[in-house]
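4 protein chains.
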Amino acid sequence: MKKTIKIPKKKFKIYNPKLKEECGVFGVSNNKDSAALTALGLHALQHRGQEGCGIVTFDGKKYYSEKRFGLVGDNFNKEKVLNSLPGDYAIGHNRYSTTGENTLRNIQPFFADTNAGGIGVAHNGNLTNSITLRNRLVQDGAIFHTTSDTETIVQLIAKSKRNKTIDKVIDAIFQIQGGYALVMLTQNTLIGVRDPHGIRPLVIGKIKDSYVFASETCALDIIGAKYIRDVENGEVVYIENNELKSIKPFPARKVRPCVFEYIYFARPDSLLNGKSAYEHRKQFGIELAKENKIKADIVVPVPDSGNAAALGFAQHLGINFELGLIRNHYVGRTFIEPSQKIRSLGVKLKLNANQSTIKDKIIILIDDSLVRGTTSHKIVKMLYDAGAKEVHVKIACPEIRFPDFYGVDTPTKKELLAANKTNDEICEYIGAKSLDFLSLEGVYRAMGFNKRDNNYPQLTDHYFTGEYPVKPIDELGDDKITQLSLLSTASNN
Amino acid sequence: MKKTIKIPKKKFKIYNPKLKEECGVFGVSNNKDSAALTALGLHALQHRGQEGCGIVTFDGKKYYSEKRFGLVGDNFNKEKVLNSLPGDYAIGHNRYSTTGENTLRNIQPFFADTNAGGIGVAHNGNLTNSITLRNRLVQDGAIFHTTSDTETIVQLIAKSKRNKTIDKVIDAIFQIQGGYALVMLTQNTLIGVRDPHGIRPLVIGKIKDSYVFASETCALDIIGAKYIRDVENGEVVYIENNELKSIKPFPARKVRPCVFEYIYFARPDSLLNGKSAYEHRKQFGIELAKENKIKADIVVPVPDSGNAAALGFAQHLGINFELGLIRNHYVGRTFIEPSQKIRSLGVKLKLNANQSTIKDKIIILIDDSLVRGTTSHKIVKMLYDAGAKEVHVKIACPEIRFPDFYGVDTPTKKELLAANKTNDEICEYIGAKSLDFLSLEGVYRAMGFNKRDNNYPQLTDHYFTGEYPVKPIDELGDDKITQLSLLSTASNN
Amino acid sequence: MKKTIKIPKKKFKIYNPKLKEECGVFGVSNNKDSAALTALGLHALQHRGQEGCGIVTFDGKKYYSEKRFGLVGDNFNKEKVLNSLPGDYAIGHNRYSTTGENTLRNIQPFFADTNAGGIGVAHNGNLTNSITLRNRLVQDGAIFHTTSDTETIVQLIAKSKRNKTIDKVIDAIFQIQGGYALVMLTQNTLIGVRDPHGIRPLVIGKIKDSYVFASETCALDIIGAKYIRDVENGEVVYIENNELKSIKPFPARKVRPCVFEYIYFARPDSLLNGKSAYEHRKQFGIELAKENKIKADIVVPVPDSGNAAALGFAQHLGINFELGLIRNHYVGRTFIEPSQKIRSLGVKLKLNANQSTIKDKIIILIDDSLVRGTTSHKIVKMLYDAGAKEVHVKIACPEIRFPDFYGVDTPTKKELLAANKTNDEICEYIGAKSLDFLSLEGVYRAMGFNKRDNNYPQLTDHYFTGEYPVKPIDELGDDKITQLSLLSTASNN
Amino acid sequence: MKKTIKIPKKKFKIYNPKLKEECGVFGVSNNKDSAALTALGLHALQHRGQEGCGIVTFDGKKYYSEKRFGLVGDNFNKEKVLNSLPGDYAIGHNRYSTTGENTLRNIQPFFADTNAGGIGVAHNGNLTNSITLRNRLVQDGAIFHTTSDTETIVQLIAKSKRNKTIDKVIDAIFQIQGGYALVMLTQNTLIGVRDPHGIRPLVIGKIKDSYVFASETCALDIIGAKYIRDVENGEVVYIENNELKSIKPFPARKVRPCVFEYIYFARPDSLLNGKSAYEHRKQFGIELAKENKIKADIVVPVPDSGNAAALGFAQHLGINFELGLIRNHYVGRTFIEPSQKIRSLGVKLKLNANQSTIKDKIIILIDDSLVRGTTSHKIVKMLYDAGAKEVHVKIACPEIRFPDFYGVDTPTKKELLAANKTNDEICEYIGAKSLDFLSLEGVYRAMGFNKRDNNYPQLTDHYFTGEYPVKPIDELGDDKITQLSLLSTASNN
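Residue numbers (my numbering), protein chains in the order written: chain A, 6 to 498; chain B, 6 to 498; chain C, 6 to 498; chain D, 6 to 498.
Derived by calculation from the structure, the hints in this document are not laboratory data.
Bear in mind that the values here come from a model prediction, so they are computed numbers and not experimental data.
There could be a bad hint or two in this list.
Identical copies look the same in the list; a pair holds intra-copy or inter-copy alike.
Below, computed lysine to any residue pairings styled on SDA-like, alpha-carbon distance capped at 20 Å [what the hints assert, rightly or not]:
{"id": "1", "residue 1": "231", "residue 2": "353"}
{"id": "2", "residue 1": "418", "residue 2": "232"}
{"id": "3", "residue 1": "67", "residue 2": "300"}
{"id": "4", "residue 1": "67", "residue 2": "298"}
{"id": "5", "residue 1": "166", "residue 2": "141"}
{"id": "6", "residue 1": "456", "residue 2": "121"}
{"id": "7", "residue 1": "386", "residue 2": "308"}
{"id": "8", "residue 1": "353", "residue 2": "235"}
{"id": "9", "residue 1": "67", "residue 2": "181"}
{"id": "10", "residue 1": "355", "residue 2": "332"}
{"id": "11", "residue 1": "298", "residue 2": "321"}
{"id": "12", "residue 1": "364", "residue 2": "454"}
{"id": "13", "residue 1": "355", "residue 2": "256"}
{"id": "14", "residue 1": "353", "residue 2": "427"}
{"id": "15", "residue 1": "166", "residue 2": "300"}
{"id": "16", "residue 1": "353", "residue 2": "439"}
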């Protein structure tokens with residue numbers, strides 16, 4: 006006998022309720038429009054974090070900083086703000102919070118004055134040993150002002166006894182563990198760092214004489230910069246006197262990028278390993294079609310996350326791709342936290358079924374992934390309510406069974422549907438006629454590998470396999486942060 | 006020798022820079038959640054106007070009103086606001102301004118106390134004789150507080166010597182000319198009116214015991230209301246004692262809805278004449294494909310306006326439909342008015358080419374319409390810059406050569422590209438390899454008519470033909486409004 | 006046996022909880038800085054109304070309007086706002102609401118387009134027949150947008166069949182009754198009107214070539230304008246082609262200004278009948294001393310309302326004047342509506358006893374008037390708590406026994422302490438050792454009259470006598486306004 | 006021949022343009038209304054700093070913090086804010102900035118997590134060796150987040166190797182120099198510290214079972230707390246288990262309070278050395294009268310700073326005290342930064358001459374001090390413009406010739422009028438008929454000392470004498486802070 010699955014209530018999230026990566030980072034050197042370019046780069050990376058954004062610039066003498074809650078386009082689009090950020094060097098950050106409270110203090114980039122000069126730090130990722138490091142630093146008299154693990158990195162840099170800032174940085178990254186991409190600014194030097202496994206992404210671009218670091222290539226496109234190459238795993242790159250320099254302080258290792266950049270995080274037009282995320286996702290859809298030949302009237306994507314995979318699926322099987330679900334374009338930031346009254350009306354604020362297209366059809370509903378299943382449950386019901394004959398759900402990635410510790414905001418294992426239920430149970434829960442996931446081997450095939458190298462996997466794929474490239478910490482309750490979390494600010498200062 | 010075409014500079018508009026209809030209207034009777042339902046209905050109709058929104062309710066004794074700039078979801082999502090609008094009867098309005106300045110005073114519904122009691126009025130459309138009427142009313146001592154033509158209707162109602170409000174309304178609509186859909190609230194009576202030609206849309210729905218009036222069916226769907234029927238052209242409907250009553254004060258005439266509801270205004274999932282706008286648009290794409298058989302590698306829509314037509318076009322010719330242009334989901338209200346600095350960088354804030362998909366391809370680019378050509382010009386260039394081999398532009402409606410006077414914010418004739426240039430000139434201007442429009446007959450065929458009935462056209466199609474169902478006024482300069490426009494408020498009161 | 010007196014709970018008011026006059030008005034002609042001068046004039050008149058303020062200007066072609074909640078200095082101090090009010094002619098208004106709700110719509114000046122052109126109206130006072138007039142206008146089709154009686158005046162002007170605006174104005178004032186001072190702006194003409202009894206004040210000033218109208222002379226002083234003369238009772242003055250013209254449409258009558266301008270409303274430095282209000286109030290204190298010879302250690306004013314009378318009292322008897330009560334300077338707009346928690350602590354947010362000065366002293370406490378007695382009650386207690394030996398309260402005006410209907414916000418008769426209690430009862434209620442009021446004859450003597458002319462009183466003094474110069478209406482409940490009050494706006498639009 | 010004195014342009018300050026002390030501090034223990042009481046205490050101390058205010062509370066487990074720009078009454082009057090600050094222990098701070106930029110980060114109390122637990126710190130005063138200490142701490146890896154010298158104290162506490170927090174505090178105060186009063190909160194312990202000379206004030210009060218620390222007694226009065234005693238110079242007091250404990254870590258020394266608390270800073274009703282500041286100031290006025298016998302018609306105070314001294318002066322000589330200058334009560338925060346347009350009109354936003362009282366009179370104008378002379382210059386002119394016959398200026402303290410380094414925001418020596426000009430030159434500059442200052446001996450006599458003890462002065466009186474109790478640092482340019490000042494935030498985060 007099956008038990009009822011309790012669906013955890015979550016506050017509505019702005020963009021997508023499934024998985025979230027922590028952040029987007031950006032930096033530009035040697036350009037008189039550095040702040041405006043950074044604002045644009047962050048705007049293109051907005052999907053990586055909508056909670057807050059910040060920019061730090063350096064004008065040869067002083068650093069300037071501006072941090073805001075909310076979207077880049079709402080906060081950094083005015084002449085006045087951009088003019089308050091002078092200088093030829095800038096770094097920026099979009100925040101999606103995985104650790105720490107939501108206060109202005111936690112918005113990055115962070116800044117510190119060290120005895121070698123100022124340094125600004127923007128960080129995408131998560132450290133697995135930050136609490137140990139933090140406690141050690143506090144014992145030694147350090148005062149933390151945020152609950153973000155990025156401040157641990159900054160404190161380590163400030164504490165380093167090395168003389169040059171670049172050496173202080175290397176000193177610090179030797180002590181941290183996890184998945185991270187860092188963009189830093191110190192005097193006239195822009196620094197980029199990617200963790201030894203290359204879990205989190207970082208690319209290098211160039212616009213005229215200016216080098217650019219960014220989380221994704223779409224941030225290069227928006228400003229018309231040319232993609233040069235990825236920062237390699239474990240590489241420290243820096244721009245000094247307008248030259249790109251590289252240090253590889255860690256032992257050589259194969260790169261192992263996070264599979265979810267391909268499946269979900271990266272914007273469709275961003276290049277990953279030479280091909281757009283869109284093409285990768287179409288390929289996931291094609292592999293999914295190969296594994297699940299099925300007859301149906303139409304293929305319908307969950308908009309917009311399932312679009313590319315659904316197109317691949319539909320094209321491969323020659324079934325019509327139809328926009329069977331219509332998004333309300335204004336849902337972005339509206340009704341984010343609908344009142345109880347409105348919620349109780351049980352309405353569909355974001356999506357509506359395209360009735361004339363759905364009615365009496367056998368439908369294949371495609372999405373890129375399935376985490377908690379609550380959205381799928383609602384959408385399947387919406388399709389049946391609109392008159393669908395059958396709804397078959399196909400997911401363009403494997404079952405997610407293990408949480409992440411490198412910067413991706415996954416639910417705890419308890420909340421991961423596939424970690425606790427059989428395929429049949431999930432199918433029943435979401436109310437579909439059938440449910441299929443892409444196989445792990447399908448993922449690797451779609452990406453052009455013959456197969457997964459089980460000795461040294463080509464991807465960070467612990468979501469599906471439980472194989473973590475860096476020893477994970479236990480899941481943290483808030484009580485593990487013994488220090489600053491004591492201070493809770495009512496408003497946002 | 007061709008002259009350079011000067012592109013008029015326009016302020017960035019929030020949603021779509023092409024054509025805009027004035028407004029969305031909504032009303033609900035006999036429901037304890039009337040304000041919340043109206044907020045949801047307006048949210049679903051948000052695409053019809055984003056400048057401002059308002060709700061008026063009646064609780065059996067008093068009227069309550071709340072008007073705001075901006076989106077419904079930002080303004081009517083809080084318990085507190087909804088609680089300030091008690092009562093079982095409510096009407097609401099989304100404003101897109103075609104006439105009048107952008108001030109809070111101009112946001113609807115309007116309200117007046119007449120000697121027969123209060124009346125709230127929400128109006129979608131445009132009057133063609135409002136200035137004549139206004140001047141006559143002012144001569145007679147009326148004080149206008151807005152520059153909206155809706156106030157003319159309200160003043161006519163207040164002035165009427167008839168005793169019952171419903172008769173005052175009929176008195177008023179006999180005097181006005183143009184295209185209009187009205188939703189009104191007076192004591193416990195909800196009133197809906199559609200102009201004699203049925204130019205502007207209005208539908209009737211029902212949720213439990215409550216009748217609903219709305220501009221489109223998507224506003225019924227969001228609250229789970231059932232679609233009953235359209236208000237007929239020239240019909241006055243009203244809900245009294247929970248019963249739907251109908252008066253037809255005008256001589257009978259065939260309905261002649263605005264063709265642009267089908268082409269562009271209506272949300273894809275709204276039903277028009279029994280079929281969703283999405284299906285109509287796919288059909289426009291299919292007719293376009295029939296008229297323009299062409300070989301190409303991929304069909305790319307201008308997102309999202311060209312999606313449905315592009316799918317129809319691609320399915321009919323068996324060419325792959327691809328998302329070759331990626332929208333930034335956060336562009337909605339961000340960078341609405343980018344600073345000069347950012348503008349000068351010439352960046353692509355809204356769209357990016359999906360390079361890996363575009364490169365070396367022969368592309369058919371589909372959009373629903375072409376007005377000024379500025380957006381098409383940019384998009385074609387973006388595709389070529391991304392490596393497209395050829396870009397052929399196909400427009401799923403005929404050339405727009407004539408402005409509108411019934412509530413659609415078209416540019417003046419001078420700004421309408423097709424009113425001034427040959428197809429070749431336009432093609433050269435937008436930089437495409439070829440350019441084709443759907444024929445007028447194609448429009449009628451797509452909608453299931455054998456052909457256009459030239460004696461009594463089935464649609465309001467003056468955009469293409471210059472045949473206006475109601476005698477148009479001359480294009481108004483602001484100086485034509487001789488009265489209230491004198492008063493200009495610096496802020497919004 | 007005495008009954009306990011119930012003290013009605015009132016929301017904290019910003020400035021002084023006792024009596025309030027409705028408004029301050031100001032106008033300036035023929036001056037390129039008209040808006041800035043008006044802002045300054047209103048700032049000087051801020052004590053007459055703090056709820057909202059507005060300015061209307063005319064630049065030869067168009068009218069400009071700006072209305073705000075709150076203080077002039079917070080709203081009209083920025084270049085940007087002043088620049089949005091171009092033109093050489095301006096009128097302005099400070100609002101203290103006696104009738105109508107507190108919404109932006111009710112803030113003056115009001116504006117109307119009539120068939121003779123635009124007109125802006127700022128009004129200080131109250132009409133006694135506004136509801137009758139309003140109902141008649143609504144019967145005739147007029148739409149009211151506010152609940153203010155000033156709109157009645159504006160509607161009457163718009164309705165007038167006379168051709169010239171000045172004649173329309175005279176047409177309108179023939180129909181209204183009450184106490185009023187009006188400043189109006191129509192095209193290049195500035196108009197000032199004072200009611201037939203001259204109940205409400207209005208003065209004429211000049212700065213270089215520009216004429217100025219204002220409620221008090223302090224508004225002339227702040228801009229360096231010279232005082233010319235008072236507008237006479239029943240006089241219509243207007244500035245046309247830079248010349249001051251006068252019409253006296255009403256039968257001649259003696260002026261009869263409101264005694265409370267002398268006692269309380271006017272700023273101490275404003276001239277009333279050739280002498281500053283400060284000097285008048287010192288004189289009230291001297292007469293009070295003559296009527297109440299008493300031995301005491303110190304004379305203490307209730308700050309700042311009792312300052313001038315206390316100085317007169319102390320100087321006349323040769324007793325030391327001491328600041329025995331210290332005001333918190335920051336109380337102005339702070340803790341205006343203290344939270345329940347803070348209120349429950351029973352604290353003294355505005356005043357503190359100056360203990361070292363008070364202790365063991367026999368004190369004469371002076372205030373300008375006594376209305377509800379709640380403040381006096383608290384202050385007397387505060388002095389005894391600080392160690393005062395005896396507290397004798399002397400009030401520099403007679404007992405207030407009758408409410409006002411000409412623009413002064415008095416409590417209803419039920420709330421007027423002196424209308425319901427004997428002197429002994431009041432004394433006991435406020436907890437003083439003794440209590441004395443200035444006699445009515447004392448008031449007249451202090452102002453230089455031999456005695457009150459009981460046939461034709463020299464002042465509007467019904468507060469003390471019940472003799473109303475204009476037939477008062479019954480006290481209005483809100484339900485008497487049968488029309489627009491039906492519409493209640495949740496927010497302020 | 007005399008040179009024109011250039012008056013430095015200064016931004017309008019909110020309260021008083023002359024001298025400013027840094028801050029007000031407050032703390033309360035063991036009271037369930039701790040946050041509300043602290044808000045009230047800070048409200049009473051508002052005159053000591055209006056730039057920002059903050060409160061930190063402790064509820065037995067966590068610390069809560071809330072910091073705001075502006076006035077206490079505007080920010081801490083709402084239930085919601087007070088409820089966000091739970092706990093029985095609270096400290097608070099009003100900021101007037103003498104060092105550091107005006108950003109939210111610089112508003113106190115500051116907070117740090119040390120290895121002995123959290124600590125909140127509120128500080129009134131100035132350190133003379135903070136930069137040296139700061140540079141040393143940064144060398145050692147400390148990251149400063151503010152430019153306030155208070156953070157130096159916090160960093161020293163965090164750095165201390167002692168185990169108990171109270172010992173860490175003593176460790177820290179041994180290293181700092183200057184004038185300071187500290188109120189700190191750590192777990193259930195409230196700590197108060199006063200510098201070895203007792204330059205800055207701190208008093209102890211009690212309300213029921215709760216101990217209170219505050220800068221002045223007026224903060225005890227507002228909450229009804231009883232004054233217990235002053236914290237002694239060099240004393241560390243703390244409340245533990247509801248008991249008041251005391252440590253005196255420094256060698257014994259005589260107390261030497263800042264003379265300007267008596268002359269100007271303290272609120273008139275605050276007790277200093279057993280007598281109210283008002284009485285002290287009346288005494289300064291009496292001594293001034295003794296030293297400057299003069300015949301005149303009236304004595305006029307500069308309101309409100311000169312009120313008490315003017316009363317003493319007038320009573321001693323038997324001349325009438327008159328309010329010859331009328332303050333606009335609404336000037337507080339209005340027109341704080343008047344637009345250029347308004348400034349250029351040369352108006353009197355704050356004061357107006359009371360003409361009828363001034364005209365043709367010989368006037369003695371009294372103020373408590375004279376710093377730059379710009380205000381006196383304007384006021385004297387205002388009186389003459391209003392028709393004064395003669396204006397004699399008497400200042401109730403000696404000439405200020407030396408700047409302060411212990412928390413008082415004096416101008417640099419260059420700007421101190423009396424440091425650069427003779428009495429005659431100053432008199433000519435301010436335009437008075439005569440000018441006199443109270444002698445230094447007069448100050449000491451007024452306070453009950455026979456004479457100044459030149460070996461060990463009873464007061465910190467370097468303003469007049471140049472004798473500094475603690476070795477002053479050189480006047481700091483901003484460039485002296487070599488570290489965090491590098492980071493400049495455009496907005497306030």
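Checked hints:
Proximity of residue 231 to residue 353 under the C-alpha cut-off of 20 Å is restricted to the inter-copy arrangement: shortest distance 15 Å between copies versus 42 Å within a copy. Proximity of residue 418 and residue 232 under a CA criterion of 20 Å is satisfied in neither setting, with 38 Å inside one chain copy and 44 Å between copies. Taking the shortest Cα distances, residue 67 and residue 300 never come within 20 Å of each other, neither inside one copy (65 Å) nor across copies (59 Å). In this assembly of identical chains, residue 67 and residue 298 lie within 20 Å of each other by CA distance neither inside one copy nor across copies; the values are 62 Å within and 58 Å between.
Both within a single protomer and between protomers do residue 166 and residue 141 lie at most 20 Å apart by alpha-carbon distance, with minima of 16 Å and 14 Å respectively. Taking the shortest alpha-carbon separations for residue 456 and residue 121, neither the intra-copy value of 49 Å nor the inter-copy value of 54 Å comes in at or below 20 Å. For the identical chains of this complex, residue 386 and residue 308 are intra-copy neighbours only, at 16 Å inside a copy versus 27 Å across copies, given an alpha-carbon limit of 20 Å. Taking identical chains as interchangeable, the C-alpha atoms of residue 353 and residue 235 are never at most 20 Å apart, the minima being 41 Å within one chain and 23 Å between chains.
Taking the shortest Cα distances, residue 67 and residue 181 never come within 20 Å of each other, neither inside one copy (29 Å) nor across copies (28 Å). Taking identical chains as interchangeable, the C-alpha atoms of residue 355 and residue 332 lie at most 20 Å apart whether they share a chain (6 Å) or sit on different chains (17 Å). With identical chains, the CA atoms of residue 298 and residue 321 are at most 20 Å apart within one copy only, with a shortest distance of 10 Å there and 24 Å across copies. In this assembly of identical chains, residue 364 and residue 454 lie within 20 Å of each other by CA distance neither inside one copy nor across copies; the values are 40 Å within and 24 Å between.
In this assembly of identical chains, the alpha carbons of residue 355 and residue 256 never lie at most 20 Å apart, being 48 Å within a copy and 42 Å across copies at closest. Taking the shortest Cα distances, residue 353 and residue 427 never come within 20 Å of each other, neither inside one copy (29 Å) nor across copies (45 Å). Taking the shortest Cα distances, residue 166 and residue 300 never come within 20 Å of each other, neither inside one copy (67 Å) nor across copies (67 Å). Taking identical chains as interchangeable, the C-alpha atoms of residue 353 and residue 439 are never at most 20 Å apart, the minima being 24 Å within one chain and 41 Å between chains.
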